[in-house]
Amino acid sequence: MDYKVVIGLEVHVQLLTNTKLFSGCINKFNPDNPNVQTDPVTIGMPGTLPVMNRKAFRLALETALALNCTIARFTKWDRKQYYYPDLPKGYQISQYDMPFSEHGWLEIAIGEEGTEKKRIRILRAHLEEDAGKNMHDETGKGGDSHVDLNRAGTPLVEIVSQPDISSPAEAKAYLEELKLLLSYIGVSDCNMQEGSLRCDANINLHVIKDGETIPTPIVEVKNVNSFRNVELACEYEVTRQLEVFKETGKRLGEVEKETRGWNAVSGTTFSQRGKEEASDYRYFPDPDLVPVVVSDEMLEEAKANLCEFPAVRANGSSRSTVFLRMMPK
Amino acid sequence: MSLTQADVTKVATLSRLALSEEESAQMLQHLGQILGYFEILQEVDTENVEPMAHAIELHNVFREDEILESLPREEALANAPKTDGKYFLVPQILSND
Amino acid sequence: MSLVGATASELLSLMEKGETTAVEVMQAHLDQIDSTDSKVEAYLHIDTESALKKAADVDARRKAGEPVGPLGGLPVAVKDVLCTRGVPTTCSSKMLENFVPPYDATVIKKMNAADGIMIGKVNMDEFAMGSSTENSAFKKTRNPWNLEHSPGGSSGGSAAAVAAMTAPLSLGSDTGGSIRQPAHFCGVVGMKPTYGRVSRYGLVAFASSLDQVGPFANDVHGAALMLEAIAGHDNLDSTSVPKEVPSYTVSLDEPLKGLKIGIVKEHYVEGLNEEVEAAAREAYKVYESLGAEIVEISLPNSKYCVAAYYIIAPAEASSNLARYDGVHYGHRSESFGNSMIDMYSHSRGEGFGTEVKRRIMLGTYTLSAGYIDAYYVKALKVRRLIRNDFDEAFKQVDVIASPTSPNTAFKIGGLINDPLAMYLEDIYTISANLAGLPGISVPAGMSKAGLPIGLQLIAAPFEEEKLLRAARMLEKETGWTAKRPTLS
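Residue numbers (the working numbering), protein chains in the order written: chain A, 3 to 331; chain B, 50 to 146; chain C, 230 to 717.
Source of the hints: derived by calculation from the structure; they are not laboratory data.
Even glycine gets a Cβ: it sits at the ideal position worked out from N, Cα and C.
Incorrect hints may have been included.
Computed, partial: chain A to chain C, Cβ under 8 Å [stated by the list, open to error]:
#: 1; residue: I45
#: 2; residue: P48
#: 3; residue: V53
#: 4; residue: R60
#: 5; residue: K91
#: 6; residue: G92
#: 7; residue: Y93
#: 8; residue: S96
#: 9; residue: R284
#: 10; residue: P289
#: 11; residue: V292
#: 12; residue: P293
Listing some non-contacts, in silico: residues in chain C with all C-beta distances to chain B over 12 Å [as the list claims (entries may be wrong)]:
#: 13; residue: D263
#: 14; residue: T277
#: 15; residue: S279
#: 16; residue: A285
#: 17; residue: D288
#: 18; residue: T468
#: 19; residue: E473
#: 20; residue: P475
#: 21; residue: E504
#: 22; residue: I540
#: 23; residue: A551
#: 24; residue: Y594
#: 25; residue: I641
#: 26; residue: N646
Only chain A is shown next, with the shape it has when bound in the complex (with noise of 0.2 Å):
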């Protein structure tokens, strides 16, 4: 059976700091010390109100830029309900309709020799401001989870790719070309280990069946921690489409999105139950936070701050297409 994989990346970058996103408490990678980086915003406590951190803009300004996105020059910051332990306030503070950029791509090197150059278009890039963490309890006692809010508000960008990406090995050189980007312009250390970069896939097959194109439903795998593995979580689903799809027949809208994990010692990805009811984030403008308008002078800023890199690698990287055109003539 022919068939096309189609991938598309929703990646969050930890923006490189001294504060969170919406107060001057310190943002600094520290699992071992739990619950010593939050203030009373970060906890979300009754009264509390946040205000934007002029620097995390501006490394979102510069993020964008870098993978060649418009920029809005009017953008909003919306509040995404839902309950959950890691998420005090009950909601997170990010951008629905209005992200501050959109449309850019990234170009990859494929092919054997990776001589070749493919360009994966970025649909969105917006701010937001991440979670805590929750850590369950493992020994199947059933004992209390427990919750770390370091974490908590510390600035992120999302970019979120469109499904351009058709290969295993492609996601895997999309992710590391980003990578290799975002960490050389400086806004984002990405660490995958300690989560300042991290990536959700999602996959389906587009199978070619007497000339006709049938898209499977598409399944989206959360939380894979290094490169190798969202090449491998990919070639594992592809496998398994590809028999959910001749077993049942089933195409894209027939069935609910499926949400999946992945079990990297088992090399496996798994069904994670679905919500008990739809989830509604019931969307709407944080009253607490004004617009930010983008004048030419904060985006001149950001470009100057993009070309303090001199550094233009001569080895046909890529990137320095992108350093070249940002360059003052």
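We have chain A already, so just place chains B and C on it with the hints.
Only chains B and C this time, still in chain A's reference frame:
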């Protein structure tokens, strides 16, 4: 758009509110009455009117990226219903939550 | 002269002249709490020791000729919706019964810096949702003018505390009339500043785009003094406006020349109590006698303000109150099944009272998929039209006068089972919140039954000075603010 008991149940789940049967029945009656009153807005022509989410027209309010003191852990956890002195504790989170 | 029932300026003048001390003033008001609050039930928390200690500190500084802030040691009752470091802040909710904030609200910091002394935290409708202070999980506050009647709400405790002479000043919050309506019910001055004039940091949110902190006082000067102390830009509140605060007390006694007062033709309809209307019309005559011009204006969208408000405010509230889930602070149920959803739902079901649940449900519904455009977005558009009406009106007039609320204080229990009727009581106050305008309620009469009647004045954004001066003109001419109840 008349409200049903099923709607009330759905909204109560979304709101994470356990309601007694009596509360639920009263909710249906009161919410139904209030939503009915909102129908008055259908009279208003709002074609080409920009929604007004804020009462002020501020934009670009930023703070500098300067570190302020964190709360000592003890204070951070002081109001929590259950802790082990290091973490906030919650019942085992099941995958269907 | 009795220290209780005296105005802020009278007390300050006595203290400055050395005829009394801040400690004596504080003690007199604490004694007044002792003798009256078992009837009025305004106070939730009193810290006698700390209040007297702070008063002694002010006295020592005053004696030594060191600087003393403009509030000079005056007692201030604080609505229990403002976070006070180390002092319980409950919002009159079982949910926050044991909550002790690790920080002070900005207005509390400013009040302390101005040497205002918190005498106690006072009762309110739970999470500021209500118009009667009956929605408190702890006690029912009574109207000092008639204990069978409600003090109004949601800042009923703040209004009753001033009316009962247990504090010359108090702080409240106003989301849809929660300062002005209780001021009208209790015969005191109550003011809601322009949205953005006073920091909301540390004000436990009900509806973020509508909430403002404001003062109560037993005269207009007290309100001006208190507002001056708490107003101003705050880096911790993105919606606080960086605009200088005028000295409201300095200009207060200058009457406004050529004052144009708008009266709204849509306001005088069925449901408005005759005595309340008569008092308002009498006040317009007083203004005319002082040289003001009364101009009839139209606010064509005013009849939609209650509907728009009761969509927008609960929508924001449903989100603002999501944080009370029994994880990081607040009530956690003892009895729930074995899932997080159960833990959340039972904690919230037990921790919140009926009105709060009703508004969370309402707001969740109007924001949910399939309904958000018909309700929430529609209401935001109507809000714009309401604001446009005011912008037009303020091209013609300086202030808009109206009754503060259609009736005098209703009896406790009178409207509690009819939420819609209760919501309609907010008809005159709500539009100022939707449009972000400053408003004040100033005593303007008394009903035959002996219940106070207030007059509401609304001005264009940041015209608090004009509003206070206009209110002062009425106060001076009529003397209604000097009335005190007999608490027998």
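query = Was P475(C) rightly flagged as not at the interface, with every chain B Cβ beyond 12 Å?
reply = Consistent with the label, P475(C) stays out of reach of chain B, its closest Cβ about 18 Å off (over 12 Å).
request  = May I ask you to test the interface hint for R284(A) with respect to chain C, counting a Cβ-Cβ separation under 8 Å as satisfied?
outcome  = holds, 4 Å
request  = Tell me if R60(A) is really an interface residue toward chain C, meaning its C-beta lies closer than 8 Å to one of theirs.
outcome  = Nearest chain C Cβ about 17 Å off; hint violated.
message = Minimum C-beta separation from I641(C) to chain B exceeding 12 Å: can you confirm that?
response = holds, 20 Å
query = Closest CB-CB distance from E504(C) to chain B, is it above 12 Å?
reply = Correct as stated: the minimum Cβ-Cβ distance to chain B is 27 Å, above 12 Å.
query = Is the hint on P289(A) kept, meaning its closest Cβ partner in chain C is under 8 Å away?
reply = holds, 4 Å
key: Given as non-interface: S279(C), which should sit over 12 Å from chain B by C-beta   = holds, 19 Å
ask   = Can the hint on K91(A) be confirmed by a CB-to-CB distance to chain C that is less than 8 Å?
value = holds, 5 Å
request  = Closer than 8 Å between Cβ atoms is the bar; does V292(A) clear it against chain C? Give me holds or violated.
outcome  = Because about 5 Å separates V292(A) from the closest Cβ in chain C, which is inside the 8 Å limit, the hint holds.
request  = Let me know if the C-beta of P48(A) comes in closer than 8 Å to any C-beta of chain C, holds or violated.
outcome  = holds, 4 Å
Non-interface claim for D288(C) versus chain B (Cβ beyond 12 Å) = holds, 32 Å
ask   = Against chain B, does N646(C) keep a CB gap of more than 12 Å to every residue?
value = Violated, since 9 Å does not exceed 12 Å.
Comparing the model with each earlier hint shows violations of hints 4, 8, 12, 18, 22, 23, 24 and 26; every other hint is respected.
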